[in-house]
Structure formats: structure tokens, C-alpha cells
Amino acid sequence: MLAKGLNMNIVLLTDFGYQDGFVGVMKGVIKSLSTHVTLIDLAHSVPDYDILRGALLLEAHYSYFPKGTIFLCVIDPGVGSDRQPIIVKSGGYYFVAPHNGILDLVTAIEDIEQCIEITNKTYMLESDANSFHGRDIFAPIAAHLANGISMENMGDEIQYDWFLNYPFSTYNEEEKTVIGEILSFDKYGNALTNLRARKGIKSGRVLEQDAKFCDYFLQGNDRLPNLINGSFGRVEIFVPEKNAEKHLRLRKGDEVILYLK
Amino acid sequence: MLAKGLNMNIVLLTDFGYQDGFVGVMKGVIKSLSTHVTLIDLAHSVPDYDILRGALLLEAHYSYFPKGTIFLCVIDPGVGSDRQPIIVKSGGYYFVAPHNGILDLVTAIEDIEQCIEITNKTYMLESDANSFHGRDIFAPIAAHLANGISMENMGDEIQYDWFLNYPFSTYNEEEKTVIGEILSFDKYGNALTNLRARKGIKSGRVLEQDAKFCDYFLQGNDRLPNLINGSFGRVEIFVPEKNAEKHLRLRKGDEVILYLK
Amino acid sequence: MLAKGLNMNIVLLTDFGYQDGFVGVMKGVIKSLSTHVTLIDLAHSVPDYDILRGALLLEAHYSYFPKGTIFLCVIDPGVGSDRQPIIVKSGGYYFVAPHNGILDLVTAIEDIEQCIEITNKTYMLESDANSFHGRDIFAPIAAHLANGISMENMGDEIQYDWFLNYPFSTYNEEEKTVIGEILSFDKYGNALTNLRARKGIKSGRVLEQDAKFCDYFLQGNDRLPNLINGSFGRVEIFVPEKNAEKHLRLRKGDEVILYLK
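Residue numbers (the UniProt record's numbering), protein chains in the order written: chain F, 1 to 261; chain X, 1 to 261; chain Z, 1 to 261.
Simulated from the structure, these hints should not be mistaken for laboratory data.
Glycine residues also receive a C-beta, built at the ideal position from the N, C-alpha and C atoms.
Any given hint could be a false lead.
[What the hints assert, rightly or not] When the alpha-carbon atoms are kept at most 25 Å apart in a straight line, the in silico PhoX-like pairs for lysine-lysine are as follows:
1. F/Lys-252 to F/Lys-212
2. X/Lys-252 to Z/Lys-246
3. Z/Lys-187 to Z/Lys-176
4. F/Lys-121 to F/Lys-4
5. X/Lys-121 to Z/Lys-199
6. Z/Lys-199 to F/Lys-246
7. F/Lys-4 to Z/Lys-4
8. Z/Lys-252 to F/Lys-242
9. F/Lys-67 to Z/Lys-4
10. Z/Lys-89 to Z/Lys-121
11. X/Lys-4 to F/Lys-4
12. X/Lys-246 to F/Lys-246
13. X/Lys-242 to F/Lys-252
14. X/Lys-246 to Z/Lys-199
15. X/Lys-261 to X/Lys-202
16. F/Lys-187 to X/Lys-242
17. X/Lys-242 to F/Lys-246
18. Z/Lys-252 to F/Lys-246
19. F/Lys-199 to F/Lys-121
20. Z/Lys-242 to X/Lys-246
21. F/Lys-202 to F/Lys-121
22. F/Lys-242 to F/Lys-212
23. X/Lys-187 to F/Lys-187
24. X/Lys-252 to Z/Lys-202
25. X/Lys-252 to Z/Lys-242
26. Z/Lys-89 to F/Lys-67
27. X/Lys-4 to Z/Lys-4
28. Z/Lys-187 to F/Lys-187
29. X/Lys-199 to F/Lys-121
30. F/Lys-199 to Z/Lys-121
31. F/Lys-121 to X/Lys-67
32. X/Lys-246 to F/Lys-187
33. Z/Lys-121 to F/Lys-246
34. X/Lys-212 to X/Lys-242
35. X/Lys-4 to X/Lys-187
[What the hints assert, rightly or not] Chain F regions said to be covered by chain Z (calculated; three or more residues, Cβ under 8 Å):
36. 104-114
37. 159-166
[To be verified] Taking CB as the label site, the calculated pair distances span:
38. Z/Asp-215 to F/Asn-221: 49 to 59 Å
39. Z/Thr-177 to X/Asp-48: 43 to 53 Å
40. F/Pro-47 to X/Lys-261: 47 to 57 Å
Hey, can you work out the whole structure from these sequences and the hints?
Here it is in C-alpha cells:
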């Protein structure tokens, strides 16, 4: 018999931070059930309760992991309420998460092969508390998936619903412009927009200022807004070796214009 | 011969943070001695020198790890002084730590099977410095334990002493009230109290305000103190999707009252 | 055939932080190419773009890892510009990094056995973006190294250049004093200096105040500057259980004097 979880990867994404052991204890639960699984941290300092940010992260990074990887995604302000715990199979990957929008962007890229509401208590921990489903439901479910239990055994098929209020961008065919907005900021203060990275961007405009489109960061104008196809697969606003959010006083929702000619 | 450390888990808990490599270098020491051990981070952003917080973390999470797990716990403001480095076996787990109170709560739950003061230099790194026993003493000791060296070989049996000044709670049988206080705050600003999670709580009182007892976070009253049996196995004070510490201006030592009828 | 990457360690050092998944996605790339490699985090909360700090970290910690370890070091403000991606073999270790000074201190300790500019696209990911060589170049190169591909196949031999503007210290033979300065601060607010840990320090002077030289932290004078041979292998300035940077208002470049008699 093969060792349980051999060659399986579980990738963890949460807003749990690094000071309370909430991530560590989920790993304890997983390792108690699945000795040989490999645990990889995607990110745990996502801002508190920021589901959109989690969705952006997943969308940007999931495809760089081996097919079959199980993503354990717990940004879960509604823990214990009637929001459903789900497993989604999509693009050859498994996503274990609350049904609250965190999977909206990744499931918009690949077809959803299957979506299960987790209901089978056999694969959960017993617990008196209702405040930590990461530990009591999502972690053991991910471990059992890694051990080869099929997701059909864990609950009932449901339809996936979209929850995120994701802002659309506007394309003007005649003027060859795209208008979008700032969604969030990364660790360096670079602004992530709702505009996907693309070829053919000539320049742009941010906060009434012209913005140079750059191939790499050091090409950017000092102290001014610059644009780049960034690490999230999105158009980003940056200032070279500075924090653009603070330096340019950018805010979520600020408009960005791309000129394609 | 089996590979050294095969199937053994070492769990690391420190206040070393993530910017200096202090955790990473301990892992280097361990991997140099014990090739196949699995390393799991419990938490490293514990506030500087906060031994009580480390004790609360261990108490909350240790039992979710497989029996035999070695906990390497280094919150150690007294490093190099006459505080003793110890190994405690308790509840089927091993705890390698300074003898400064960080194990006080976990050893109050399970019987202490054995307590050893680490004195055998064979199992330490040679070092001119006296400022980093995490690297020079605790990490190699944990690795040698994982390799099957017995703790008796590492030093002499001593009696475990309690160091924490842990505040007691007061139970009023007649009025069915419990009075406790705030000990610390988690990443979300939820307040951890000295009151263990329990059944039968009807409501409570915090800072002269009534506090609703909730089964899950979104049940809570907005902008007001609410109570829940939380992720640390303790009664916590929270505000839904807000930072209770900042929002309610809570402080360590603030009184909490539970009504059990 | 052996499993790819078996018994190989890749150690990751970046300024990517823990909120964006930039470290996680590099691990996804590595695990996709090298199933059995062991991934160890050295540190990822290095201050943004702080190459000197990364160099200090590597110098302090590399020798505690097993020989053959591959260090993947990505503090890379010049990503995409003409700065070269390199592999350096030194002291039996491999360092994969941008050629920007991050390896200056570690390569000053051990002879450089070989230095290769990475040019072979076979071992990179294909990418339209030029903003994330950690994911697209450095991570896959480290994985292929772990799989046994030799560094000669990855590019052309070049000469290693030093980039850091590292301040020298001054030794006065007659007065037996050493004059140095503050380089950086660790998580606790202890000041790292450009003076290596050494025997024979009697006392010192910091910001016009006498500084006691201590064997361990609790020996230090409260509220005053104290000196110790610290965890980075350097002389550090500290205040017991306090943040010396804030408490003494220390700054980078502040002078430190050691008295050796």
C-alpha cells in the first residue's frame, strides 16, 4: 500500500496571519490524517476578510502548481453562518473553500468540472465550536482528498454561484482606449487593476497624469505613475523603487486609462 | 537502516519574525542533522518576548498534531542567563524550550511524564556567542530527538517549575456568573480571555456594555462587544468583520463577565 | 531512476512578503519541475529592495545549511533591466540570484568556484512579462539545479562583480579601538553593525554614551546602549527586552566604538 498523500500537494491560502498559529494548526490536522502530503503556503497575510484579494491571488498563481494540487482557501468572515463549505474541481485542480466568492475569478478561467457542498461529517473533525472551519472542516477535507477519497463522498453536488462584485472595464473601439480601476495594492504598494496584462499598450493615464507604459520597473519615470504588465497577470501602476500607493496617494476605485494606439 | 527523522514532525514556535532568517537558520541546523524530518511552522510573529502569548498558542493547538510531535518553542528573552534549557515530555508530545513559563499552560493540561535540563554539549552546536540558543541548543536538540536519541541522554531530570502569572477567574455559584479578564489579542483584534470555551453561556458584559453570546461571528451585533467560543478554545470578545481591540478600545486586563443563566 | 530532487534543499530568500503569493508561486514552479526537493524559507520580510540586508542575512546563515544547498535569493529592484541573472558556486553551496550585490558578503567569505550568467531559455519559463524573474527564471533554474542539471548548461561563465557600498571599519592599533557604524536593524530593534563578532571587546560607546559589553541580553543596562556578539555574527547594540532602535533613537550610519583594552 502506498503511503497516504504521497506526491500530493496542498496549497494554503488564508487571511490568518502568522501570529496565532491558525495556519499551523490546520497543518497539524492535515499531517495527522495524511502523513506524506506536501504543504505549501501561498499567502497568509491577505488583509483581514478581503475575499477579492484572495480571489486575485488564486487567479494569478494557481496555474503554476502541478495539476492535481489541492488549494485550501480560507478567507471566511461568514464562518458558521449559512454560507456553504464547498469543493470545486476546475482545470484539473481542487479548491476547498467557503462559497463566498473567493473562487469566482479562478472559476471564470477554467470550466467547473464539479462543485460539491461539503456535508459528510465523517470527513470533518468533531468540534463544539463554530468559529474555525479552517481547522474543523476545510483542513480535514483537503487531507482526505489528498488520501484519495473522492469528492462525491464528501457531500452533494450543487451549482456554483458567483458572489464578487467585480468591476467591469470599458473598451472604446474607436479611440482604442480601455478604462479600468484600481482593485488592490501589493506588498510594494504597486496598484493592481481590473485590467488584464496585454500586448499593445502604448501609454496610459492615472489621476490626471500621463503614465508611461514600461517593460520593466527601472524604465519608469521617477515620482510619476507608470504602468507595467505585472506579477498578478494584470496591468499595475508603479513608481520605481517607491511605494506607489503612498507616493501617488492612490486609492481603490481610482480610474486608469490605457491607450492602445 | 531507516533514514534519520523519517515520519517525525518538528513544529516551530518563536517570536523571531520573518525578516531576519532566525527561523530559517534553525531549519538549516535541523536539516543538517536530520535529513527526513518534516518541519511545520506554528507561528513566528508572536509579539516580542511575549511568553504568555506563546503559552496560549501552544495550549490551543498542540493536540491537533500527531502524537510524538516535537515542539520547538523559542520565546527566550533570558537567553544565555541562568534560565535552563529543557525538554518536557507530556501527553505523548515533546517540548523543547527555555524554562521560563512558555510550557506552563500545556503542562497544566497533561501530566508531565519527564522533564530534563539540557546539559549534554554533545547534542549542541559549538558557538562563541551566547545570544542564540534557538540555533545553537534548541534546534540541534530537537533534531537529535527526531533521530531517536532519548532525552535521558541529553541532560539531567529536574522538577518543572511554573513561571507565568496567570490570572484566575471567579465563579459565583449563586448568581451563576463567571468573572474573567482579557489576556491578549489575535490577528483580527479579537480579545482572548482567561475563560475557557464552555457550554451554557447565555450572555455577558464587557466595559459596562451588554455582550451577546454568539454561535458564529456574523450573528454578532455591529459596533458592540459580542462573545464567542473561539479558535483558541477560549471565550473571545469580537465585533463582526471589525477589529474589536481598536473598535471597542479594549486593553489587556479589562474585565469580562459571563452570565450562565 | 531516482526521484527528481531527492534529498536536495532549496532555501528561499526574498523581499516578497507574505501577502501576495509571490513566494508561494515560486514554490509551485519548483514543485512542478522537481517533485521531491525540500523547500525552506530563510526570510521574506526583508525590507523592500534592501539588497544589503539580504546580503547580511545570507552571510550570517548560509553555513548552517547542508553542503549542496541551493539558495534562491530574489531581492531584485532591477528585474528586467540589464542586470544579469547569475548562479554562483561558492563554499560547496549554490546561489541563484540577480547580479546586484546580494551575494557580495557571502562570496567574500568563501572562494567563488564558478559564476555563470543565466542565458539558456531551455531552463526558464516562457513569459510575456518582464516583471517577475523570481517565478520565470530563478525558480525554474533552482529546480533544474536540484534535478542535477549542471550549471555550465545554463549559461556562460562570467566574472563576479561586487556592487555593495559596504562601509569599512577603522582599527586604531595604538588605542586598541575599532570604529564602525550601524548598518541595519533586526526584528527586535537590535542594531546590526559593520563590526564582526569578536573576542576581546571590553566596552564601547554609542551616541556619546558608554555601552556595556555583555555576554547575554539580560546582563545589559536598562534604558542604555549595550553591546553583544549577536545572532548575525556581528556586534549588535541592544537594550534588554526593549526595541533599541526606537528607545535610543538609533539610525543607520550612527557611529559605534569598541574598546579592546
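Practice prompt. Hint by hint, work out which the structure violates, then give me just those numbers in ascending order.
Written response: Numbers 3, 6, 14, 19, 21, 24, 26, 33, 35, 36, 37, 39 and 40 - these are the hints that the structure violates, sorted from lowest upward.
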